[in-house]
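Participant: Here is what each chain is made of, one letter per residue.
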Amino acid sequence: MEQLLERILATVEKPSRYVGGEWNSISKKWDQAEVKMAFAFPDVYEVGMSHLGMQILYKVVNDRPDALMERVFAPWVDMEEKMRAAGLPLFSLESRRPLAEFDVVGFTLQYEMSFTNILNMLDMAGIPMRSSDRKGDNPLVIAGGPCGFNPEPLAPFIDAFVLGEGEEVINAVLDVYLAQKQQQCSRRDTLSALAGVEGIYVPAFYQFEYKQDGTVKEFKSDSHVPPVVKKRVVVDVNDVPFPTRPIVPHTDVVHDRMMLEVMRGCTRGCRFCQAGTIYRPVREKDPENLLAQAEELVRSTGWDEISLTSLSSSDYSGISEVIGGLVDRYSSERINVALPSLRADAFSVELAKEVQRVRRSSLTFAPEAGTQRLRDVINKGVTEENLMEAVTSAFKAGWSSVKLYFMIGLPSETEADLEGIVSLARRVLEAGRNISRSKGRLRVTVSASSFVPKSHTPFQWEPQDSLIELQEKQRFLKQRIKGKGLTFNWHEGQVSMLEADLARGNRDLAPVLERAWALGCRFDGWSECFDFSKWEKAFECFGIKPGDYALRRYSHEDVLPWDHLDAGVSKKYLTLEHKRALDGVPTVDCRGGKCPGCGICPSLEINTQLVGGKSVEPVQDLL
Amino acid sequence: MLNLYRICYKKVGPMRYISHLDLLRTMERGSRRARLPLAFTQGFNPHPRISFAAPLPVGVQGEDEYMDLELESPMQAPVLVERLNTCLPYGLEILEAREVKGAAPSLMGMVEQATYAAVTIRPADINEKSLISSIKAFMEQQEVIIDKKTKKGTKAKDIRPGIVKLSGDSKEDRLFIYMTLKTGSRENVRPEEVLRALVKGYLPLNVEEFRITRTGLYAAGERTLFAEF
Ligand code: SF4
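From first to last, the protein sequence lines stand for chains Z and A. Residue 451 in the working numbering sits at position 451 of the first sequence, with consecutive numbering throughout. Residue 1044 in the working numbering sits at position 44 of the second sequence, with consecutive numbering throughout.
Calculated from the structure, these hints are not laboratory results. All values reported here derive from a predicted model rather than from experimental measurement. By construction, the Cβ of each residue, glycine as well, lies at the ideal position given by its N, Cα and C atoms. A hint or two may mislead.
What the hints assert, rightly or not - Think about it this way: if two alpha-carbon atoms lie no more than 30 Å apart in a straight line, the pair counts; the simulated DSSO-like pairs of lysine-lysine are:
#1 K1129(A) <-> K14(Z)
#2 K29(Z) <-> K1010(A)
#3 K14(Z) <-> K1010(A)
#4 K14(Z) <-> K1136(A)
#5 K82(Z) <-> K1165(A)
#6 K1136(A) <-> K1101(A)
To be verified - Computed footprint of chain A on chain Z; a stretch qualifies when at least three of its residues, placed anywhere within it, have a C-beta under 8 Å from a C-beta of chain A:
#7 1-13
#8 19-32
#9 240-252
#10 299-310
Next up, chain A with everything else stripped away, as it sits in the complex:
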């Protein structure tokens, strides 16, 4: 009997600065403090069976993140949520847990798209109308080539196929950009890459001043990651 739990959580505030590896460590330690009966891998170097849907870039917050956690003995999902929440640092919060019954596909295999919201201060020379038309022009491109840093220097990459949707609006002095991007797969695109391409020639803004939030993670057909069970 596999005691597998799919967990939806938030990674916000100060926690958005911790790396994916740090997050793994923090979740493990939180689980230990909560005295969850963690299941471990076999071998010389056993580690807890925790896996994530898609790493979040450092600096980006996540409001709808997912991980799978395996336990050695069963536990009521709401109890798990409550116990874990008392043992996680400020900025990490479990929203929901569900027991995975039967053979659900792995999170990493399921996740296909992510939605993001990026917010910044709206400069006086941009209004909602100009924003929308800039985005439209940007999306009309056949390809969007960016320079991607690799271990051996930079490589050109076309991110256009990975941009599913792009829109924007403005509320008071804020300007918002919403993105739906492919993730996990070969066409994986990072929100920052889109913003970098967008500010070059389309929207004169400073990428560093955006605060980015991942608002959702989805399986194929825009189903939620809780969809299989």
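Just chain Z, with the same shape it has in the complex:
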């Protein structure tokens, strides 16, 4: 195999994607590990290596003396072609072992458009694609991540899904696996035992009958498994293993810097945002802990940038303290601090000024909608004044390039809201013209993504706009956001539609996925690979069309395909939030001290965790 591989590596693009050997990567002795797990990322190396979750699990599993974890990524199309031609199976980076030799293969579900890559990786590994076809010595195939909250389109292919935070569950999974292995239990017994672990969903034990509209007509679960599976969360984020010796890739990856996670969760409650639900409640790490972890990261990696990551880092209570500490300690070593997710207000720009003393890239803000009315609908707590203050101080401080993120196709959107995007963009440009000292380089970039309704959000019942509507809206904006200093970017509507189909779909989509893969769909999130006509064909084979799931409106009374998967936020609360959205009524962020009763704290018996031991008193039962 080694020689074959060498020959192939000489002929593919970016061979370093497949060779491993990076600083801090761990190669344990194969035979000394009782359980061998592969972390499988269904996208290319550069994307996968930018994922903090992988580094966390890599640490947790490799810290166990009885286990090892190795990595595998989706081979790019050129590599796949060569490997298939040479008869090489998919292999891990560390020991270059075929994936099929591992005990457990864990996929991460970050993005619906990577689902065909999962099937392809199983196929390239020679692992039977369907769970029901796997035999005793085939690996256990598990999956987790955000898309795991509606994993139904993948249900036949995955043995067990992990709901919630992986570092909480992974040890339990490996323990169960080991115990079962020692007792030489059957595959089915192992799955039953796993189904008993909180946070584990074994789809084979749940049966569905669907109505014509895709909602659930009848639902049965086997008597030995919980009818509803609840997610697992870390209770104390200061007390969990954090990868302070992460793998440092050689090649340029998407996020090529230290990732220092400052908190989990975000309680702003944007109504389109799935992460806002599934990572609830907010749990902040202590500043001292962060500074200590930063020191370890700096020394062990050699990276020259620390990124303070979370869903909304300028909301972190200790942000000024941590930034101040990092700048004091590391600016003399020319180590930068990066803030990837800035709120659109003056405070955030102050923070950015603090950290970007050396480099001046562009600043990005996400007002998401063009009018206050629509921002109230989606509960985006940003006003036009906030945004204008933010960009004004950004231009004053010397930035000449600003990016604005919007979403089109949001529920209740009208032409006035699109006009609002246009006039906001123009106002921002105008402010730049008045203030900026480098007018020649002045640039306002507007990016419009398409709203994708997701499970476990107040908008889970809402339909997506049709392709034609989305394209018309894109055209509307394209015609108006142009001229000197203005740039408009948008996303391919077809991709968003398929994303919504998969995000809101049920098990009937599994054969469609299988067919799409067989027709050659891979890397559907990559425009150079995406082929809508293949997807159309795949849907057609089963008498449906792309968009059938995306464009549906569900009602509050319907049983949704994912209702058996509990992210902790109650459906009652989501229903209430949905109604408030349509009435244009905002909801407060519980971080301010008042709990609007999302239900997660009582349901998971957990509390918000804020810096300084502070917490918010949750309402036990609001409704």
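Chain Z is fixed; fit chain A with the ligand onto it per the hints.
Facilitator: Chain A with the ligand alone, transformed into the frame defined by chain Z:
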């Protein structure tokens, strides 16, 4: 006072697949992990003062590679070697470092030639004698035109002036080709280009099956890159 060090290193094993840019990043990170007091360029986007002799093509290993590294404060060369070696990934190894005293010419300006060894499995129908005569015939050509890919398509290029020496031998089932090629300058020739031209009409072999190693880098007159000091 300039604290400039000329460093000789190896780039082998898995490291031969990383690009020149990746190598630069890896050396910088290794230096940071080793807590070397790196010197930086001025300006908005400061970067460490590290420069290399000649980029190595991806896939080719290097046994005698060179880089210059500038520090903010002096350090004993052997200490530098030791500290850096504990912080570099498997496949990168510092062999020697010397302090550059006075105004030594830049590495890039000094380097003129490189030697390479390419090895492959010897097919039954080629023996050492036929190998040597094929190479001789190849070298007797006045010009060796290859198609070179450029941004605007392909361009014809004569690589013959850049081939200084070419020889070969065979040990057991292996076949070796040794090349001395001009590098850095306008006549720069890549080992793969020579092999491609050689297998066309002279030696029926598969270029992809060669494993290539750069065995040395030299200044004019075949002096080593440590020569000036
Ligand atoms: S239950 Fe209340 S305090 Fe807890 S996360 Fe939900 S809204 Fe916040």
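Participant: Look at each hint and say if it fits the structure.
Facilitator: Tested hints:
Restraint check: the Cα-Cα separation between K1129(A) and K14(Z) comes to about 38 Å, which exceeds 30 Å; the hinted pair is violated. About 26 Å separates the Cα atoms of K29(Z) and K1010(A), which keeps this hinted pair within 30 Å; it holds. Simply put, K14(Z) and K1010(A) have alpha-carbon atoms about 21 Å apart, close enough for the 30 Å limit, and the pair holds. Distance hint between K14(Z) and K1136(A) is unfulfilled; the C-alpha atoms sit about 36 Å from each other, more than 30 Å.
In summary, the hint linking K82(Z) to K1165(A) is not supported, as the alpha carbons are separated by about 35 Å, beyond the 30 Å threshold. For the hint pairing K1136(A) with K1101(A), the CA-to-CA distance comes to about 43 Å; that exceeds 30 Å, so the pair is violated. As drawn, the stretch 1-13 of chain Z meets chain A at 5 residues by the rule of a beta-carbon pair under 8 Å; at three or more, the given contact holds. Coverage of the stretch 19-32 of chain Z by chain A holds. Counting CB-CB distances below 8 Å, 5 residues qualify, and the rule asks for three or more.
Closer than 8 Å: that is the beta-carbon criterion, and the stretch 240-252 of chain Z has 4 residues meeting it against chain A, so the requirement of 3 holds. Check result for the stretch 299-310 of chain Z against chain A: holds, 6 residues qualifying (beta carbon to beta carbon below 8 Å, three or more required).
The earlier numbered hints that this structure contradicts are 1, 4, 5, 6.
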